[in-house]
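Participant: Input sequences plus hints: build the corresponding full structure.
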Amino acid sequence: AQTVTQSQPEMSVQEAETVTLSCTYDTSESDYYLFWYKQPPSRQMILVIRQEAYKQQNATENRFSVNFQKAAKSFSLKISDSQLGDAAMYFCAYLGQGAQKLVFGQGTRLTINP
Amino acid sequence: DAGVIQSPRHEVTEMGQEVTLRCKPISGHDYLFWYRQTMMRGLELLIYFNNNVPIDDSGMPEDRFSAKMPNASFSTLKIQPSEPRDSAVYFCASKKIDRGSGANVLTFGAGSRLTVL
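One line per chain: the protein sequences are E and Y, in this order. 1 is the number of the first residue of the first sequence in the numbering used here; add one for each residue after it. 1 is the number of the first residue of the second sequence in the numbering used here; add one for each residue after it.
Keep in mind the hints are simulated off the structure, nothing from the lab. Each residue gets a CB set at the ideal place from its N, CA and C atoms; glycine is no exception. Check the hints yourself; a few may be wrong.
To be verified - Lysine-lysine pairs mimicking BS3-like chemistry, simulated, CA-CA at most 30 Å apart:
hint : chain 1 : residue 1 : chain 2 : residue 2
1    : E       : K101      : Y       : K78
2    : E       : K101      : Y       : K24
3    : E       : K70       : Y       : K24
4    : E       : K55       : E       : K73
To be verified - Where chain Y lies over chain E, by a calculated footprint (3+ residues, C-beta under 8 Å):
hint : stretch
5    : 45-53
6    : 93-101
Facilitator: What follows is the structure in C-alpha cells.
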C-alpha cells in the first residue's frame, strides 16, 4: 500500500522568508499524482499545488513551488516570501493512476513569525 | 460555484444519539467522498461514491456508520448510535475527472465538527 510521510510535525519561518516542507512517499507505481493541501484554522482543505508524476517539470503556483524527485520519491513544497496568511497545516497527498483514494501524510504545522 | 456545501458546521450530541451529516457536492462532479479527520489518525477515507453508487466503503469504521447518496446533489453520513470516539471533523469532497487534461482534483467542503459527549 502507498504511504506518505511528512517528517516535520512543525515548522516556523520569518515573514518574507522562504521555507521548504518535506514529503516522501512509497509506491511501486510509475504514474500517479501528488498534491499539497493547506488547512488554515478555518479547517477548510485548500489545494495549493499538484504534480503529475509523468511531468519532469516542477509545478509552480505563484509563491508556491515543488521539488519533485521521482527516483527519490520526494515531493517538497517551497513557499517563497512567506506571508502571515500562509500559516496553516500543510498536507502532502498521493493519488495512484486510476485510483480514487487520496492518501495523506500526517501534516506539517507551519507558523509564520512577523 | 458555491463549492462543496456541508451541514451542520458544528454538532454537539450525547452518546447514543443519532447524528446525520449532510453534503451537497459541486454540480457536475461525479465522485463524492467522505473523510474523517482526527488528531490520532489524521485524514481517513470512509467511503466514496461514483455516479451515486457506493464504490468503496472499506473505511467505514463499523455498522454504526452508514452513508447514502440518493441523487447527484446530496449525500448523508449517519452515525447511529453515536459514541464519544466518533468525535472528529468529517469532510465531504467531490471531483470529476477531466478526460482531456487528466485533471483529477478533489475539492473539499468546510467540514462538520462532531462532538459526542
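Participant: Could you run down the list of hints and mark each one as holding or not?
Facilitator: Okay, the hints, checked on the actual structure:
Under the criterion of a C-alpha separation no larger than 30 Å, the hint pairing E/K101 with Y/K78 is consistent with the structure, at around 21 Å. For the hint pairing E/K101 with Y/K24, the CA-to-CA distance comes to about 20 Å; that is within 30 Å, so the pair holds. With a CA separation close to 36 Å, the supplied pair E/K70 and Y/K24 exceeds the 30 Å bound. Of the pairs offered as hints, the one joining E/K55 and E/K73 holds, with about 14 Å between alpha carbons and a cut-off of 30 Å not exceeded.
Counting residues of the stretch 45-53 of chain E whose beta carbon lies closer than 8 Å to any beta carbon of chain Y gives 5, which reaches the threshold of three, so the coverage claim holds. Closer than 8 Å: that is the beta-carbon criterion, and the stretch 93-101 of chain E has 3 residues meeting it against chain Y, so the requirement of 3 holds.
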